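Colleague: Turn these sequences into a full structure, and let the hints steer you where they fit.
Read top to bottom, the protein sequences are chains A, B, C, D and E. Residues 176 to 417 (this note's numbering) make up the first sequence, in order. Residues 176 to 417 (this note's numbering) make up the second sequence, in order. Residues 6 to 232 (this note's numbering) make up the third sequence, in order. Residues 110 to 352 (this note's numbering) make up the fourth sequence, in order. Residues 3 to 219 (this note's numbering) make up the fifth sequence, in order.
By construction, these hints were calculated from the structure, which means they are not laboratory data. No experiment lies behind these values; they were computed from the predicted model shown. Every residue gets a Cβ at the ideal spot worked out from N, C-alpha and C, and that includes glycine. Be aware that a few hints might be false.
[To be verified] Straight-line C-alpha distance at most 16 Å; calculated EDC-like pairs for lysine to aspartate or glutamate: (1) C:K123 / B:E229; (2) D:K197 / C:D188; (3) C:K91 / D:D272; (4) A:K181 / A:D237; (5) C:K227 / B:E229; (6) B:K284 / C:D130.
[Said to hold, decoys possible] Stretches of chain A that chain E covers, calculated by requiring three or more beta carbons in the stretch to come under 8 Å of a beta carbon on chain E: (7) 235-247; (8) 257-263; (9) 271-285.
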Amino acid sequence: MSAVVKLSNVYKSFGTNKVLDGVSFEVGRGEVAAVIGQSGSGKSTALRCINALETIDGGTIDVCGHAVHDEKLDRRSLRRDVGIVFQSYNLFPHLTAEQNIMLAPSCVKKVSKAEARDLAKDVLARVGLAEKAGHYPEQLSGGQQQRVAIARSLAMQPKLMLFDEVTSALDPQLTGEVLKVMEDLARGGMTMILVTHEMAFARKVASQVVYMHKGKVWETGPGAMLDSPRTPELASFVGSGL
Amino acid sequence: MSAVVKLSNVYKSFGTNKVLDGVSFEVGRGEVAAVIGQSGSGKSTALRCINALETIDGGTIDVCGHAVHDEKLDRRSLRRDVGIVFQSYNLFPHLTAEQNIMLAPSCVKKVSKAEARDLAKDVLARVGLAEKAGHYPEQLSGGQQQRVAIARSLAMQPKLMLFDEVTSALDPQLTGEVLKVMEDLARGGMTMILVTHEMAFARKVASQVVYMHKGKVWETGPGAMLDSPRTPELASFVGSGL
Amino acid sequence: MTYQFDFSSLWAYWPEFLQGAWLTLQLSAVSTVLGFVLGTLCAIGRADGPPWVKFLVASYVEVIRNTPLLVQVFIVYFGIATLGIKVSANAAAVIALVVNVGAYTCEIVRAGLESVHKSQLEAADCLGLSKPQIYWHVIIRPAIERVYPALTSQYVLLMLASSITSQISAEELTAVANRIQSDTFRSFETYIVVGIIYLALSFVVRIGLWLFGLAVFVRKRKLGTAL
Amino acid sequence: PASADTLDEIKKRGKLLVAIDLGSPPFGMTDAQMQPTGSDVESARLLAADLGVPLEIVQVTSPNRVPFLLTGKADIVMASFSVNEERKKVIDFSDAYGVIQVVVASPKGTEIKSIEDLAGKRIGTTRGSTNDKEVTSQIKNAEIVRYDDDATLITALVSGQVDIMGSSPQVMAAVNQRRPNDPLETRIVLKTNPYAIGLRKGENALRTRLNEWIAKDLASGKLREIYLKYNGVPLPQTLPATN
Amino acid sequence: MPSFSLVHLEFLGWAALWTLGLSAIAFIGGGLVGFAVALMRISPIRWLRYAAIGYIQIVQGTPLLILLFLIYFGIAIAGFQEVPALLAAGVGLTIYSSGFLAEIWRGCLQSVPKTQWEAAECLALTPWQRMTRVILPQAMRIATPPTVGFLVQIVKNTSLASVVGFVELAQAGKLINNSIFEPFTVFMVVAAIYFAICFPLSTWSRRLERKLNVSRR
Ligand SMILES: Nc1ncnc2c1ncn2[C@@H]1O[C@H](COP(=O)(O)OP(=O)(O)OP(=O)(O)O)[C@@H](O)[C@H]1O
Ligand SMILES: Nc1ncnc2c1ncn2[C@@H]1O[C@H](COP(=O)(O)OP(=O)(O)OP(=O)(O)O)[C@@H](O)[C@H]1O
Ligand SMILES: [Mg+2]
Ligand SMILES: [Mg+2]
Chain A
176 MSAVVKLSNV YKSFGTNKVL DGVSFEVGRG EVAAVIGQSG SGKSTALRCI
226 NALETIDGGT IDVCGHAVHD EKLDRRSLRR DVGIVFQSYN LFPHLTAEQN
276 IMLAPSCVKK VSKAEARDLA KDVLARVGLA EKAGHYPEQL SGGQQQRVAI
326 ARSLAMQPKL MLFDEVTSAL DPQLTGEVLK VMEDLARGGM TMILVTHEMA
376 FARKVASQVV YMHKGKVWET GPGAMLDSPR TPELASFVGS GL
Chain B
176 MSAVVKLSNV YKSFGTNKVL DGVSFEVGRG EVAAVIGQSG SGKSTALRCI
226 NALETIDGGT IDVCGHAVHD EKLDRRSLRR DVGIVFQSYN LFPHLTAEQN
276 IMLAPSCVKK VSKAEARDLA KDVLARVGLA EKAGHYPEQL SGGQQQRVAI
326 ARSLAMQPKL MLFDEVTSAL DPQLTGEVLK VMEDLARGGM TMILVTHEMA
376 FARKVASQVV YMHKGKVWET GPGAMLDSPR TPELASFVGS GL
Chain C
6 MTYQFDFSSL WAYWPEFLQG AWLTLQLSAV STVLGFVLGT LCAIGRADGP
56 PWVKFLVASY VEVIRNTPLL VQVFIVYFGI ATLGIKVSAN AAAVIALVVN
106 VGAYTCEIVR AGLESVHKSQ LEAADCLGLS KPQIYWHVII RPAIERVYPA
156 LTSQYVLLML ASSITSQISA EELTAVANRI QSDTFRSFET YIVVGIIYLA
206 LSFVVRIGLW LFGLAVFVRK RKLGTAL
Chain D
110 PASADTLDEI KKRGKLLVAI DLGSPPFGMT DAQMQPTGSD VESARLLAAD
160 LGVPLEIVQV TSPNRVPFLL TGKADIVMAS FSVNEERKKV IDFSDAYGVI
210 QVVVASPKGT EIKSIEDLAG KRIGTTRGST NDKEVTSQIK NAEIVRYDDD
260 ATLITALVSG QVDIMGSSPQ VMAAVNQRRP NDPLETRIVL KTNPYAIGLR
310 KGENALRTRL NEWIAKDLAS GKLREIYLKY NGVPLPQTLP ATN
Chain E
3 MPSFSLVHLE FLGWAALWTL GLSAIAFIGG GLVGFAVALM RISPIRWLRY
53 AAIGYIQIVQ GTPLLILLFL IYFGIAIAGF QEVPALLAAG VGLTIYSSGF
103 LAEIWRGCLQ SVPKTQWEAA ECLALTPWQR MTRVILPQAM RIATPPTVGF
153 LVQIVKNTSL ASVVGFVELA QAGKLINNSI FEPFTVFMVV AAIYFAICFP
203 LSTWSRRLER KLNVSRR
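Modeller: Rendered as structure tokens:
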């Protein structure tokens, strides 16, 4: 299994606040990695570094063959390979669901309008929202918006998808809808890294769990690791997180 | 026991919406009356009518010797006798706790600055906030703000205090702080009318409970009445409200 | 054509530049204070007055905001004289500037008044405060504090706009510049110098208003947060 | 500082740019149809005809006459442009083609016999003009009120913003036309100045050409006719020398 | 002696057209320059940002009157002598409006949440595509009311172009007054014409603002 993402010894500070303190982990092709940990442990920052939304202070990050730590990194070509979905959806409010999805393919891949529309129909169907194509974000529920956001990333056919607490703004029922879409993706063989608070989901879907604590990778292992924590920190985290 | 407040057959509509539909009750000196009832039953409106914040369409209201229903009512002299505390505190944000309290005595009673400050110290101590005199509202917790609001009313040495759901914007712990202050007041002999959702508190402190339903006084009696409701409406209200 | 810059011939005129700048500052200060009072009164009238006052204030504000200051200055200056009242150019300038900035102040302060929540008025009412007391203690002070940044910008603009009053013979900075340049024939240099003086003056006005704000808005000074 | 010969340039361009103050009756003003008129305007037309090119009027005010000339926005200035020593340091003048007095005038009933009587009074004048210079240097202790152009000064005198003026008899005439009930009267003559065409320094060819024209049309009487028509008084037989 | 007549009204009418023309030049020129400055003002490149801040500070701290003088004589000094007053006034007003529009629009651009900028970036859009396809459509809605409001300022401030000899409405008023000396009548009419141009604009701006407030609730 070749590594799609490989972080080695990554350091990152905001001012005097050391947020990533030597983080290393790997995610292979088709793997689903769940990153868990307390608030402030650096999970989101790690994800943002992978996507070059933040620059790092030390270490190396390789993503789908791009040297993300390199100053000469071609960000746009990195981002054709990596899709990211945020907690706050970040749909473009002035565009319909369909237009949100068509934007990147037609702007970046120069796909024709008709093709882009077909593509949008396709990915909307995959997230179960075929009939909402013409709706504006404010006309959709949180769960629907989040699924459109996932579809928007999918439309670029990325090699890697990043999810940052995509369900934590949703109520339990809407959460279910979104998790189902993610499960489908995982089953379809997509390489994914997800930051999540849903332990049950991590246990069920993840092929690898990364537990972060104080800016470090504290423990890593298969989903089952959550049931037999080796460190007291993970034990207390799993105990409280349920 | 002479009546401090006496409502007889009070009617009040907003447009076509009959909010008070012949309300009568009396509160004697030193009594504590708890007004309870579902949302929209007219509790706040009744309280606002007592303080002449709303004009009434029919009936009479006598408060500490003022004929509130009279068009020639001297509102400012009524309000020297009646203090009211709202759910949303309504402290003046640009003044410190102490200045909030000093404002009315020095403006209305023309008390000297030094006296007003002593008075403020006094009432702040009574609500347990002596050390917060110089703090601005935004520096205080909700419960502390509510207690300052009570102190602000107390500083005018009113004969009657009205409380409109003063705890419903607070979490349980802060609620406790405020209820304790009100209990102290009741024990000190203050005549009080409180609109409240805290059945336990009503039961414990109130010498009279007024149950309102659809703009009418449906049942009235001592605190114990809550344990043996005579009407099915009160029974279901007490059942659900716990 | 190669132009020979020569600022040295302006050096002899520094007392006059200073005098002009001083008059500009005086005009602006007086107009700011009076305009603030006028504008605040109008804002109260517009928010809480009888219908005819509301109408009057609204018309005043609209007329002033939609016509140029230059024209207002001319109308005031010659209009007053036509009525048979002789006022100095400085007085006419101040009247025109006050009328002008009063309208803008009115709009800004009105926004501030509207931002004060109705429940604040009720609370004050229930404490037995009279209407003027409520206005003074509970409405105006927080309202002004909220819109103070907007007022500051407006008063800096007023200071800059006072240059227009040179046209009715007020000897402020721009008038002085015009005289100096017709003495020295160094117009470009003169206007550069005057431009720099105006930049400095707007800095001075901003600092002045900021200090005044610090002195008046105690809460803001202590907590540093906006209301 | 002009490098080229302006006379050649005028010919090449086929247009004469003359700076005229249209706010200074009767030298420069507008008629009821809002067309430029006045003695300077007509003289300029005469000059343009003589040079054989059409005239283009560049509007100026007293304070900005010199900058307009120096920055090349006009070829020459014909704006009742009095000759004085300061100006001669910066620009050149042709021979005189008119004269203008600087007088102090006030309404009936004001007691002004000498300059001393003006102490503490408000005197209106035009900012940056010769009048301004004379008034400012000769009259001390008076409050001098300066307007941007003669027209504003006249408006101020007509509307009563000021009562005493330090300006030309022509301005006084224009004022009196508008306030017939309370006319101004000349009290003191501060100075009599010749006025001439202003041009940039070193334009000798142009100056020679202008002087030829002035001599010719003074002799033919055309310039005298224009002066009389607008000023109501004839031009003196001999005009003072300007250089 | 002539008094205020139809000829004068016609003269004012033509001058009013010039006022409108000058406003259009100022708005279009100022809009283009102002937008560029607004972009510089939020650019990640530090010296561009500082240059924009300096430009805005200087323009906003100098009276338009002085700005116009400087440009009028400055252009001539730079060697262009036959500058029509129109050009000088146009350039002056362009600089003036660009300073203010840049600041207004910067605020509007920055009021589009940072997450929207990031989301567009993560979709591999180029900075230009991000600006035109994602940020501008959102910022424009917010920017419309203050922009229309500023248009009123531009129309009014064209009156200062009279100081460089440009015959627009205010200067036309002065010229008429020079020939008839009825300042009160003349300037009242001038004021009325300005009002007729500006009032609809400011009313429109306020209506837009209200609509925006309602839709954002
Ligand atoms: N842009 C920033 N500037 C400064 N500090 C930041 C920034 N972003 C994050 N931080 C800090 O970095 C630390 C880690 O933040 P991060 O968002 O990565 O945590 P997290 O593990 O995602 O937490 P959560 O579960 O709350 O989302 C926090 O202390 C946070 O305050
Ligand atoms: N100012 C007003 N204008 C119109 N209708 C009003 C107004 N104030 C209250 N009402 C209406 O009067 C009715 C009674 O309101 P009131 O606030 O007295 O109820 P309440 O018993 O205090 O309810 P809650 O427990 O929700 O505070 C409600 O239907 C309300 O919509
Ligand atoms: Mg996070
Ligand atoms: Mg209520």
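Colleague: Please verify the coverage claim for the region 271-285 of chain A: does it have three or more residues whose C-beta sits within 8 Å of some C-beta in chain E?
Modeller: With 4 residues in contact (Cβ-Cβ under 8 Å with chain E), the coverage given for the region 271-285 of chain A holds.
Colleague: Given the hint that K123 (chain C) pairs with E229 (chain B), test it: the Cα-Cα distance must not exceed 16 Å.
Modeller: Holds. K123 (chain C) to E229 (chain B) sits at ~14 Å (cutoff 16 Å).
Colleague: Within 16 Å, alpha carbon to alpha carbon, are K91 (chain C) and D272 (chain D)?
Modeller: holds (10 Å)
Colleague: Would you say the region 235-247 of chain A counts as covered by chain E, given the rule of at least 3 residues with C-beta under 8 Å?
Modeller: violated (count 0)
Colleague: For the pair supplied as a hint, K197 (chain D) and D188 (chain C), is the alpha-carbon distance within the 16 Å limit?
Modeller: Roughly 12 Å between the alpha carbons, so the hint for K197 (chain D) and D188 (chain C) holds.
Colleague: Just to be careful, I want the Cα atoms of K227 (chain C) and E229 (chain B) compared with a cutoff of 16 Å; is the pair within it?
Modeller: violated (38 Å)
Colleague: Holds or violated: K284 (chain B) and D130 (chain C), Cα atoms, limit 16 Å.
Modeller: holds (14 Å)
Colleague: What's the verdict on K181 (chain A) and D237 (chain A), does the C-alpha distance respect the 16 Å limit or exceed it?
Modeller: holds (5 Å)
Colleague: How does the coverage statement for the region 257-263 of chain A fare against chain E, requiring three or more residues with Cβ below 8 Å from a Cβ of that chain?
Modeller: It holds, with 5 qualifying residues against the three required.
Violated hints, listed in ascending order, are 5, 7; each of the other numbered hints is respected by the structure.
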